[in-house]
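Every letter in the sequence shown is one number past the one before it in the working numbering, and letter 174, counting from 1, is 212.
Just so you know, the hints here were simulated from the structure itself, not pulled from any lab data.
The beta-carbon is built from N, C-alpha and C at its ideal position, and this holds for glycine as well.
List of simulated lysine-lysine pairs, DSS-like, C-alpha gap at most 30 Å:
no., residue 1, residue 2
1, Lys47, Lys94
2, Lys181, Lys76
3, Lys94, Lys144
4, Lys137, Lys47
5, Lys94, Lys146
6, Lys137, Lys41
7, Lys94, Lys76
8, Lys47, Lys146
9, Lys146, Lys48
10, Lys48, Lys141
11, Lys48, Lys137
12, Lys94, Lys141
13, Lys41, Lys94
14, Lys137, Lys94
15, Lys48, Lys94
Pairwise CB distance ranges (calculated):
no., residue 1, residue 2, range
16, Arg142, Tyr69, 33 to 39 Å
17, Gln180, Leu159, 27 to 33 Å
18, Pro73, Lys41, 47 to 53 Å
19, Asn110, Val205, 28 to 34 Å
20, Ser145, Val221, 15 to 21 Å
21, Thr43, Met194, 55 to 61 Å
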Amino acid sequence: MSKSTELVKKITYIAMMAALATVLSLIQIPYPVAPYMKFDPNDIIILISAVYLGWKSTSLVVFLRSFIRYFNGRGTIFGEIAAFCSSMIFMSIYVIIRKIASKRVKSKPLQYAVSCSVALLAATSSLMLLNYLFITPSNMFQKFTTGWELMEMFNMNNRQYFNTFIVPVMTFNLIKWSIISVVTGITQFKLPERYTVKYNASSKQEEYALFYSSNKDEVKKTSDVEQTAEN
Numbered sequence: 039m040s041k042s043t044e045l046v047k048k049i050t051y052i053a054m055m056a057a058l059a060t061v062l063s064l065i066q067i068p069y070p071v072a073p074y075m076k077f078d079p080n081d082i083i084i085l086i087s088a089v090y091l092g093w094k095s096t097s098l099v100v101f102l103r104s105f106i107r108y109f110n111g112r113g114t115i116f117g118e119i120a121a122f123c124s125s126m127i128f129m130s131i132y133v134i135i136r137k138i139a140s141k142r143v144k145s146k147p148l149q150y151a152v153s154c155s156v157a158l159l160a161a162t163s164s165l166m167l168l169n170y171l172f173i174t175p176s177n178m179f180q181k182f183t184t185g186w187e188l189m190e191m192f193n194m195n196n197r198q199y200f201n202t203f204i205v206p207v208m209t210f211n212l213i214k215w216s217i218i219s220v221v222t223g224i225t226q227f228k229l230p231e232r233y234t235v236k237y238n239a240s241s242k243q244e245e246y247a248l249f250y251s252s253n254k255d256e257v258k259k260t261s262d263v264e265q266t267a268e269n
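Take these sequences, add in the hints, and give me the full structure.
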């Protein structure tokens, strides 16, 4: 297979994942504690992409998803900044920890669980900080506004501001990423073996594609492929 063909296939996979993530963004479930925050399952595609395509390709998927959503009017600039940061932080930490865990833990499900747990805490903590500093107030006024300016406007102290706006962000992200991790884990470990990932060893390229094979001899286990995933 020529390099140009490989590049076209890789671009196709990235575009497909970005399109799926954008479509799933249309499903929005308001968070009862804070209805202005909505859960959508698009990050399932992002995590699947991280598992199968690696960090570089998934970064493009995240960028394209946010770019499309913003320019078709589905999101605000600060909302998309928050979504982009959340996805990138979770995905990046997942890839890093999974690489470390793969050398120390034999169980693939345990590797996945540890990686997702660390990534969940990292993404939640980061989003709490970003929302505290500027995302929450900027979203409210649709212009760059800091948390201190918002506290001054509403005559709130630091504790009131934290409990009113930041605690809901924390609980929302903990629940969201837990759901994303569980659902993605089910697709990774519970799907029939024939639904898996194929590595193009002949071209010595780190190229992956979800595929279906009726021939059991053609099936390669995901666990074998992950060891060669791009960093």
